[in-house]
Amino acid sequence: EPEVTQTPSHQVTQMGQEVILRCVPISNHLYFYWYRQILGQKVEFLVSFYNNEISEKSEIFDDQFSVERPDGSNFTLKIRSTKLEDSAMYFCASSTGQGTGELFFGEGSRLTVL
Amino acid sequence: GEDVEQSLFLSVREGDSSVINCTYTDSSSTYLYWYKQEPGAGLQLLTYIFSNMDMKQDQRLTVLLNKKDKHLSLRIADTQTGDSAIYFCAESSKENTDKLIFGTGTRLQVFP
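Protein sequence lines, in the order shown, are assigned to chains A and B. Going by our numbering, the first sequence opens with residue 1, and the numbers climb by one from there. Going by our numbering, the second sequence opens with residue 1, and the numbers climb by one from there.
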C-alpha cells in the first residue's frame, strides 16, 4: 500500500541551526501538508501546498519556515534558525484533494532543539 | 476560533466497549474525523462523518454526532488489545476541508 515516508525519524540540533525535514508524499497526490505536535499539545496545522505554491499557512508558519518541492517527489520543510520552542514531532501528509479530509500521514520526524 | 477537545486517557478491559468523546466549536465544519495513531506510526484515518449525519457504523466502530451539543463520539465494540493507540478527533476548517483542526488525542489502553 502506498505510504508517506519521512526522514529523518529523529533529529537533534543546536538552537540557531538550520534544519530540513524531508517527506515523500504518495505519488499521485496533489496536496501536501505539514503539521506538528509539541509534546503534550494538539496536532497543529502549519502549511498546505498545491501546484508548487503555498495554498494556506497558519500563524505559526512565520518567516523562519519554508517549504519546497524541489524535484517532483520530495516535499521539504526548512526551519532557518531553530528555536527551543520548535522542538516537536513534525508530520507530513498528502491527499488527493477531493475535499473529504482524508489525509495520509507519515510517521513523523521528531525534532529536538537544544 | 476553531477548537477541539478530548480527554487524554481511557482504559478498558478487553472485550468491553470503548467510548471516546470529543467536543468541537465550529458548527460549520463539513466533516468530522477520527484518526488513529499506533506506536511509531503516523496518523491513520479511521472513519469520518459528514456533518448532516448523526450516526455512522463501520464494523466495530460507531460514530455518533450531536450537532446541537457539538459532540462527537467513537464507540469501539469488543475492544481488542490491538486497538490500543492514540485516537484523534478532528474537524475540517470551514474555509478548507483538507485543513484539519485536531484535538490532543485520547490514549486508549486495553488490558486483558
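Be aware that one or more of the hints could be misleading.
[As the list claims (entries may be wrong)] Restraint-style ranges between C-beta atoms, simulated for each label pair:
no.	chain 1	residue 1	chain 2	residue 2	range
1	B	Asn52	A	Thr76	27 to 33 Å
2	B	Ser17	A	Lys78	30 to 36 Å
3	B	Leu61	A	Thr7	30 to 36 Å
4	A	Gly97	B	Asp69	42 to 48 Å
5	B	Asn52	A	Gly16	48 to 54 Å
6	A	Gly97	B	Asp3	36 to 42 Å
7	B	Asp16	A	Asp62	16 to 22 Å
8	A	Arg69	B	Thr25	31 to 37 Å
Rather than coming from a laboratory, the hints here were simulated on the basis of the structure. Note that CB positions come from ideal geometry on N, CA and C, so glycine has one too.
For each hint, the structure was consulted:
1. B/Asn52 - A/Thr76: 27 to 33 Å: The hinted range 27 to 33 Å is violated for B/Asn52 and A/Thr76, with Cβ atoms some 39 Å apart.
2. B/Ser17 - A/Lys78: 30 to 36 Å: The hint (30 to 36 Å, Cβ to Cβ) is violated, given that B/Ser17 and A/Lys78 are roughly 45 Å apart.
3. B/Leu61 - A/Thr7: 30 to 36 Å: holds (32 Å)
4. A/Gly97 - B/Asp69: 42 to 48 Å: Given a distance of about 31 Å, which is not inside 42 to 48 Å, the answer is violated.
5. B/Asn52 - A/Gly16: 48 to 54 Å: Because 50 Å falls inside the window, the suggested range holds.
6. A/Gly97 - B/Asp3: 36 to 42 Å: violated (25 Å)
7. B/Asp16 - A/Asp62: 16 to 22 Å: violated (46 Å)
8. A/Arg69 - B/Thr25: 31 to 37 Å: holds (33 Å)
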